[in-house]
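Please put together the full structure from these sequences, using the hints given.
In order, the protein sequences belong to chains A and B.
Sequential numbering from 1 applies to the first sequence in the UniProt record's numbering.
Sequential numbering from 1 applies to the second sequence in the UniProt record's numbering.
FYI, nobody ran anything at the bench for these hints, they're computed from the structure.
Careful, some of the hints might be misleading.
[To be verified] Each pair of labels, with its calculated beta carbon distance range:
| # | chain 1 | residue 1 | chain 2 | residue 2 | range |
| --- | --- | --- | --- | --- | --- |
| 1 | A | Phe111 | B | Glu136 | 14 to 24 Å |
| 2 | B | Arg257 | A | Glu27 | 31 to 41 Å |
| 3 | B | Val160 | A | Thr110 | 54 to 64 Å |
| 4 | A | Glu112 | B | Ala275 | 37 to 47 Å |
C-beta: ideal position from N, C-alpha, C; glycine also.
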Amino acid sequence: MSQAPTREVAKRVFAREFNDATYTFKESDEERAPNFALLPTGDRANRVFVVGTLTETEDIGDDSEYWRGRVVDPTGTFFIYAGQYQPEAAAFLRDTEPPAYVSVVGKPRTFETDDGSVNVSLRPESITAVDEATRDRWVVETAERTLDRVEAYDDETNEYAAMATERYDASLLDSYREEVLTALESLDGVAEDEPEATA
Amino acid sequence: MSLDDRAEELASDLGVDKAEVKSDLENLVSYSVPIDEAVQSLRRKYGDGGGGGGSAPSEKDIGDVTTDDSSVSLTARVLTVGKRSIQTQGEQQDIFEGELADETGTLSYTAWTDFGLSAGDTVQVGNAGVREWDGEPELNLGESTSLSFLDDELDVPYEVGGGATLHELQSGDRGVTVEVAVEEVERRTIDGREGETDILSGVLGDESGRLPFTAWEPHEAIENGDPVRIENAYVREYRGVPEVNVSEYSTVTPLDRDIEVGEDATQVSIAEAIAAGGMYDVELVGDVLAVRDGSGLIERCPECNRIVQNGQCRSHGDVEGEDDLRVKAILDDGTATVTVVLDRELTEDVYDGTLDDAKEQARDAMDKEVVAEDIRRNIVGFEYRVRGHFSVDDYGANCDATSFERTDDDPADRARALLEEVTA
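Written out as structure tokens, the structure reads:
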């Protein structure tokens, strides 16, 4: 194995699971150590890749621009926040007329509300406009990765699954699996026209 | 094997009283010492008849050999033997390298003396040194090693003889046999150890893919470009990708059949390509997640082709840079990431304009960055099928792209295939 430095892989995760990933942790005490969100399917995420439909944008800033965008996938909504430190992403949210297919590469962030619940959001590194086929491919890819994680959950060596068992309700896994299948069936041209089935 | 049996065996090995050995053994085991460790411990205690404090190495399974072992004895099948000549302390020496195997695994070896090994032999090896090579244990067979050939053939779940397809080869493989077409070949004169010498270099191909090669002797069959069988070659990393090395000890014979060279590059995950330490001519499918700095309209040094920044070349100082286009894109397939490098031609495709267009756009905007921005908008967030040469060095993984195409297959087909797989 090579020791070459590698960039953190972007995890493919559906909105439902992403919003459930309320527990974050660091793996070292170094000042610049990356922050990870613990995915309920038993993996860590420092970066995620999302493709969905931008349905609403709103400038919620007081003094300076602070944009919030909602990006919807078959399971739920990602909340994207971009301010002065993400000028390109903020400009994109300002200039784009929803609805639009978008891809977002970003970092998970958590925020504790006044009532003590934890909200998970996405701080974008980039947002770009894409097409429907790219969004559909992302759904398939994310379905595959999610099922892989669910499958690897019971491996004894899976330390993040062990961590997830401590932090989250394990019954979530079954609902994720169900949602993945529903998401796949929801794609255009998947569920319809099954000539063999009617024959 | 019961504790009683182990005690009996140990007692007879060591030539000591069985009752004594058994009580020692029971004592250690009652202190939660694993039985194998306890046996080792008693061997050390009773000196194992070896004397001098050191114990003779015990017979091990290959799967159990670790870099913590200093020496081992084992019974194994010789999978491959490659002969190579090296310089040690100014002396030319022939060494033999290859792989051994038993049911539990394989192990590389280097034989510093000629034991007359050939592929397929079953051998009992006594007192072979273990050293660490690239994090893995490797055997040293030297003058203090005893080696005997056994008549009973050891059955191993590995192929004997080192026959491999190019796709299977990895840097460090030795005693390799391939049957290949010579796709490209050129003769070059280099300054070798013994003055000027001619070598051949080029590209080999088979059904599984392609690899670059160097032949340190200009074998005629290779130079003619005929299909050949090459025996006893070794594989070494060169510029981040595996390269087939044909040495003076390699046998090259022309083949009287044609070799179909696969037109499609093998598709691998980025993690696999990194784990292999680099691969020649592979296909990756992943999402472009970023376009790195240093992309778009750039300047190169007219002397060395390196990137010029602020009119300065790292090697040649103040130079008049030549304009060029390139892209360094981060490709991420969910397993790992790699920097894909696009040359001018591929960059013109994704920019949707020529170098002159780019210069004009930058002049109008009075900013070169606008070119990279356009490229970023065109490719980030989309899935691409990339073909190219994958290398890994201290700065990370790179793929020099020979083609870079947006995927255009129907996502519904993929969804149906996945559904079938999981609901079957």
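| Phe111 of chain A and Glu136 of chain B, beta-carbon distance inside 14 to 24 Å? | violated (47 Å)
| said: Taking the Cβ atom of Glu112 of chain A and the Cβ atom of Ala275 of chain B, is their distance within the range 37 to 47 Å? | reply: holds (40 Å)
| query | When you take the CB atoms of Arg257 of chain B and Glu27 of chain A, is the distance between them in 31 to 41 Å? | reply | violated (55 Å)
| said: Is 54 to 64 Å respected by the C-beta to C-beta distance linking Val160 of chain B and Thr110 of chain A? | reply: holds (57 Å)
The structure does not agree with the numbered hints 1, 2 stated previously, though it agrees with the rest.
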